[in-house]
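**Q** For reference, the chains in residue letters:
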Amino acid sequence: MTIVFYLLAALTLAGALAAFLLRHLIHAALAVTVSFAGLALLFLSLDAQFAGFAQILIYIGAVAILVVFAILLTRADIPKEGVFSRSWLVGLIIAAGVFAVLGWAVLESIGGIPQQNLAPAISVHDIGSALVGRYVLPLEIVALLLTSATIGAVIVAMHEREGGK
Amino acid sequence: MTAFPSPLAGYLLVAALLFAIGLAGALVRRNAILVLIGIELMLNAANLNLIAFWRYGPNPQLLTGLMFAIFSIAVAAAEAAVGLGLVISIYRHAHTTDLDHISRMKG
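So the sequences go chain by chain: A and B.
For the first sequence, the tail end lands on 165 under the working numbering, and the numbers increase by one without skipping.
For the second sequence, the tail end lands on 107 under the working numbering, and the numbers increase by one without skipping.
Everything labelled a hint here was simulated from the structure, so no lab data went into it.
Virtual Cβ for every residue (Gly too), placed ideally from N, Cα, C.
Do not take every clue at face value.
Stated by the list, open to error - Just some of the chain A residues that point at chain B, by a computed CB distance under 7 Å:
no., residue
1, V63
2, G103
3, W104
4, V136
5, L137
6, P138
7, A157
Unchecked claim - Which stretches of chain A does chain B cover? Using the computed rule of at least three CB atoms under 8 Å from a CB of chain B, they are:
no., region
8, 19-27
9, 34-44
10, 107-118
11, 124-134
12, 141-151
What the hints assert, rightly or not - To give an idea of the chain A side of the interface with chain B (calculated C-beta under 8 Å), a few residues:
no., residue
13, F5
14, A14
15, D47
16, A51
17, F53
18, Q55
19, I60
20, G61
21, A62
22, A70
23, L73
24, F84
25, S85
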């Protein structure tokens, strides 16, 4: 456990918490972008360079921009009744319960997991060979999924014609 | 700096806390876009778990956890695109993204 881990964990969790609490949607979107960046740095600190850079490209580059576009297109104002739902207490209790169970499970079982601390020597070449070798079927399925999701998103968000309802 | 029993436990606890924050956001916030952001945070917490187990588990040269995380990122991107398209479509229909007001299937 190094100081870098604590800094990155604090950055990630602070961004997520700010996204949860902030009233303005744009501020929340920027806070969640900070959280995504912290996660990318955590991936890098775990020697997963490819996943870290994929996280930066996909989440900060694409998903955050999509969220900002959706916020601007829906012109959502701050509701007068507040930003939290009517059943906020139940939601908070469920979330706290889930965290309690997960934390208990981690702390109880961590001693029984075999761990090795050597940094894995993985090159991008290995990842590329694995993607088109052992994992070629999932890769093709992901390609199909992304194509259909793009077409589906365009069709869902496309302007409805008059009388076509 | 021995607050955690092992580095793996630190990463797993951060992921658990991130998952809980995302779940709270998805359950508590009124705005549909913020609910989607909460779901993205939960997916990211799962990815952090996968990569932490890949890094500290046996046989990291097999790349299983890393590959699972990369495919999970791709699926999450598709989910975000479709989800935000749905939010825009609902906004055009109901003129709100407040989930307390969108409680009926019938427009």
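**Q** Confirm or reject each hint.
**A** Against the structure, the hints come out as follows:
Taking 7 Å as the C-beta contact cut-off toward chain B, the hint placing A/V63 at the interface holds, the least distance being around 5 Å. A hinted interface residue such as A/G103 counts as satisfied when its beta carbon comes closer than 7 Å to some beta carbon of chain B; here the least separation is about 5 Å, so the hint holds. A cut of 7 Å between beta carbons decides the hint on A/W104: the least distance to chain B is about 10 Å, and the hint is violated. The interface hint given for A/V136 is violated, since its Cβ lies 11 Å from the closest Cβ of chain B, which is over the 7 Å cut-off.
Annotation: interface hint on A/L137 violated; nearest CB of chain B at approximately 11 Å, more than 7 Å. Checking A/P138 against chain B by beta carbon gives a least distance of about 6 Å; that is within 7 Å, so the hint holds. Hint on A/A157 holds. Least Cβ distance to chain B is approximately 4 Å, under the 7 Å limit. Coverage of the region 19-27 of chain A by chain B holds in this model, with 3 residues showing a Cβ closer than 8 Å to a Cβ of that chain against a need of three.
Only residues whose beta carbon comes within less than 8 Å of a beta carbon in chain B count, and the region 34-44 of chain A has 5; three or more means the coverage holds. Evaluation of the coverage hint for the region 107-118 of chain A: fulfilled, as 8 residues show C-beta separations to chain B shorter than 8 Å, against a requirement of three. Under the rule that three or more residues need a Cβ within less than 8 Å of chain B, the assignment of the region 124-134 of chain A holds, with 4 such residues. Using a Cβ-Cβ cut-off of 8 Å, 5 residues of the region 141-151 of chain A lie near chain B, which meets the minimum of three, so the contact claim holds.
Interface hint at A/F5: satisfied, since its Cβ lies 6 Å from the closest Cβ of chain B, which is below the 8 Å cut-off. The criterion of a C-beta within 8 Å of any C-beta in chain B is not met by A/A14, whose closest approach is roughly 10 Å, and the hint is violated. Hint status for A/D47 relative to chain B: holds, with the closest Cβ pair at about 6 Å, below 8 Å. The closest approach between the C-beta of A/A51 and any C-beta of chain B is roughly 5 Å, which is under the 8 Å cut-off, so the hint is satisfied.
This hint is violated: A/F53 has a C-beta 11 Å from the nearest C-beta of chain B, more than the 8 Å allowed. Look at A/Q55: its Cβ gets to within about 7 Å of chain B, closer than 8 Å, so that hint holds up. The beta carbon of A/I60 is not positioned within 8 Å of any beta carbon in chain B (closest approach about 12 Å), and the interface hint is therefore violated. With 8 Å as the threshold, the beta carbon of A/G61 stays out of range of chain B, its nearest partner Cβ sitting at about 10 Å, so the hint is violated.
Against a cut-off of 8 Å between C-beta atoms, the interface hint on A/A62 holds, since the closest Cβ of chain B lies about 6 Å away. The criterion of a C-beta within 8 Å of any C-beta in chain B is met by A/A70, whose closest approach is roughly 4 Å, and the hint holds. Contact between A/L73 and chain B, as hinted, is supported at the beta carbon level, the nearest pair being about 5 Å apart and thus within 8 Å. With a least beta-carbon distance of about 5 Å to chain B, the hint placing A/F84 at the interface is held under the 8 Å criterion.
Below 8 Å, beta-carbon pairs count as interface contacts, and A/S85 has one with chain B at about 5 Å; its hint therefore holds.
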